[in-house]
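Novice: Spelled out from the first residue to the last, the chains are:
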Amino acid sequence: SAVISQKPSRDICQRGTSLTIQCQVDSQVTMMFWYRQQPGQSLTLIATANQGSEATYESGFVIDKFPISRPNLTFSTLTVSNMSPEDSSIYLCSVFGGRSYNEQFFGPGTRLTVL
Amino acid sequence: AQKITQTQPGMFVQEKEAVTLDCTYDTSDQSYGLFWYKQPSSGEMIFLIYQGSYDEQNATEGRYSLNFQKARKSANLVISASQLGDSAMYFCAMTRGAQKLVFGQGTRLTINP
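These protein sequences, in sequence, are chains A and B.
Quick note, the first sequence lines up with residues 1 to 115 if you use our numbering.
Quick note, the second sequence lines up with residues 1001 to 1113 if you use our numbering.
Calculated directly from the structure, the hints in this document are not laboratory data.
On the chain A side, residues computed to face chain B include the following (Cβ under 10 Å):
{"hint": "1", "residue": "I90"}
{"hint": "2", "residue": "N102"}
{"hint": "3", "residue": "E103"}
We put the CB at the ideal spot given by N, CA and C, even for glycine.
Taking the hints into account, I'd like the entire structure generated from these sequences.
Specialist: Take a look at the structure:
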């Protein structure tokens, strides 16, 4: 299985500020995914990050609010910009791996609270 | 569009009993994957089991098995001999497009001693 680390594990931020979340994988992967889980809700895909190209955003998510970088095949960052309390969520990155590359693994998540 | 439905918001089970968590899905794709994840209170998403739509046998991983009924579009998770540590949120998910996942709303499982 892929080993994924995320930084920070949690943070408390003031509204109007920005936070950059890092995701590191122990193997090279083509695609990395960023998900958001709002309190008491399920997971929603924010965007897909491919190395060497711009991220692909899902409906309801825009690059200005959630800029993503993918400088190499093992690393990605997600920035939550101009934060409001509604951005308080767990943010998780994920990759595919496993025996047949059909299994999707998640990082430990970043728990963000915006005051 | 793909959709996952988990109809059990919460379940309470006695320790050592088997438990079945329900999941139905809707898709027009012929090829897809079905997943179950466990989310303890820490928030991490723990991969449990995967079933491909063309897999003829039900997937098993230790105490976890996936009861895949393709015609009924159901992919229920069965946990045998439940343990106190199994208490968590459980999410069913399926692939949407190239490796993207769509999730159900989850079932909160509580194991009573």
